[in-house]
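There are 6 protein chains.
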Amino acid sequence: MGDFMKISARNCFRGTVEDVEDGVVTSKVKIKIEMPITLTAVITKEAVKDLGLKRGEKAIAIIKSTSVMIAKD
Amino acid sequence: MGDFMKISARNCFRGTVEDVEDGVVTSKVKIKIEMPITLTAVITKEAVKDLGLKRGEKAIAIIKSTSVMIAKD
Amino acid sequence: MGDFMKISARNCFRGTVEDVEDGVVTSKVKIKIEMPITLTAVITKEAVKDLGLKRGEKAIAIIKSTSVMIAKD
Amino acid sequence: MGDFMKISARNCFRGTVEDVEDGVVTSKVKIKIEMPITLTAVITKEAVKDLGLKRGEKAIAIIKSTSVMIAKD
Amino acid sequence: MGDFMKISARNCFRGTVEDVEDGVVTSKVKIKIEMPITLTAVITKEAVKDLGLKRGEKAIAIIKSTSVMIAKD
Amino acid sequence: MGDFMKISARNCFRGTVEDVEDGVVTSKVKIKIEMPITLTAVITKEAVKDLGLKRGEKAIAIIKSTSVMIAKD
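Protein chains in written order, with numbering that gives the first Met the number 0: chain A, 0 to 72; chain B, 0 to 72; chain C, 0 to 72; chain D, 0 to 72; chain E, 0 to 72; chain F, 0 to 72.
Check before you lean on any hint, since a few could be wrong.
[As the list claims (entries may be wrong)] With a cut-off of at most 27 Å between alpha-carbon atoms, the simulated DSSO-like pairs for lysine-lysine come out as follows:
| # | chain 1 | residue 1 | chain 2 | residue 2 |
| --- | --- | --- | --- | --- |
| 1 | A | 31 | A | 71 |
| 2 | D | 71 | C | 48 |
| 3 | A | 44 | E | 53 |
| 4 | E | 48 | F | 71 |
If you are wondering where the hints come from, they were derived from the structure by calculation, not from laboratory data. Predicted model only: the values in this text are computed from it and were never measured.
Bound-form chain A, shown alone (with noise of 0.2 Å):
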């Protein structure tokens, strides 16, 4: 991810954008990393149409480790 991966948050994952659905202020994205792995992310639309994120555009997801959470059956 070369230069790009200089950003503190410690997942980054590069994908496939899968779909896209847009609110008024929010828009809900899809992202495929691999199969069969899909990250749903929450943005700005305002994101959305600064990125030109559509469907099929290759995307990288990046989620800051505190935001993760860990759960066992």
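Keeping the supplied structure of chain A fixed, place chains B, C, D, E and F upon it in accordance with the hints.
Leaving out everything else, chains B, C, D, E and F in the frame of chain A:
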């Protein structure tokens, strides 16, 4: 993931604990989802003990959609 | 909360859905924990459907410790 | 909570500090809202000092709605 | 910021509301801190009403330290 | 901020590392954006090393809009 999946978080991934590093209050846990994806979580050490997280254990990583960002190269 | 409590989030509260208000992508859900505490959550509408959240239903509010702030008067 | 309530966070609960456990950078603070609810927060130790958080002190727990998840059994 | 600063969030910035854009459940609010910094917040529309946020109003942006990431070029 | 700005986070501010304080798992980093604004971040110590964050270094603070709250006096 059965009944467990009944959580509003849209991102739940089964994986294996790869590493647990304890601080004083927080711990950093790495979960290998599937080759080559490893998620990094910062959670309380209290939770690490409650869940008995150890290298090699099965675990589920959970991320709320509002915590996922998207980037493009 | 039995097996369910095996999530790293340190804050899990059983309560009753008081109100669900749908937006386009997100929904706002109010959960009455016990009189007079009501938690407000903003989650995806997709999750509201998956969990079948409706006024009067039992539900559990979950909050990661790193998301809790503290203030004093 | 008077003027203080004029914060966009939809979840503000008055309670009493039950426990403070310091790490190096972060501290874990437990706030008893009302029997039997105790919220766990991970905040900077710097904030613990600034607010003078000690067992038995009154304090307010604040949680942004986008940080609240919902689950069902 | 006086007594108000007694919140554990380490990042509180006074500024002026630059823009409010309402969705159904959430609103997007831009706060100009000082030229040329503008912070973008996604909060509930309910909060926008409670605080009476309108273009030109004074307001304080609050960000928990665990929500701040760092990057380098 | 060039290509780098192509991240969905709406808040990216260039600044200078003012202070780095390491814990065991997490570190607290203060970034001076421009006089007199300093942002406080709690990130993994692992990220501090990867980015080579030291007092005086240029860095970018990134905050997702859903993590920004608003208050009024």
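Status of each hint after checking the structure:
1. A:31 with A:71: The given pair, whose Cα atoms are some 24 Å apart, holds under the 27 Å limit.
2. D:71 with C:48: 12 Å, holds
3. A:44 with E:53: 21 Å, holds
4. E:48 with F:71: Holds, at about 12 Å.
Hint violations for this structure: none, all hints satisfied.
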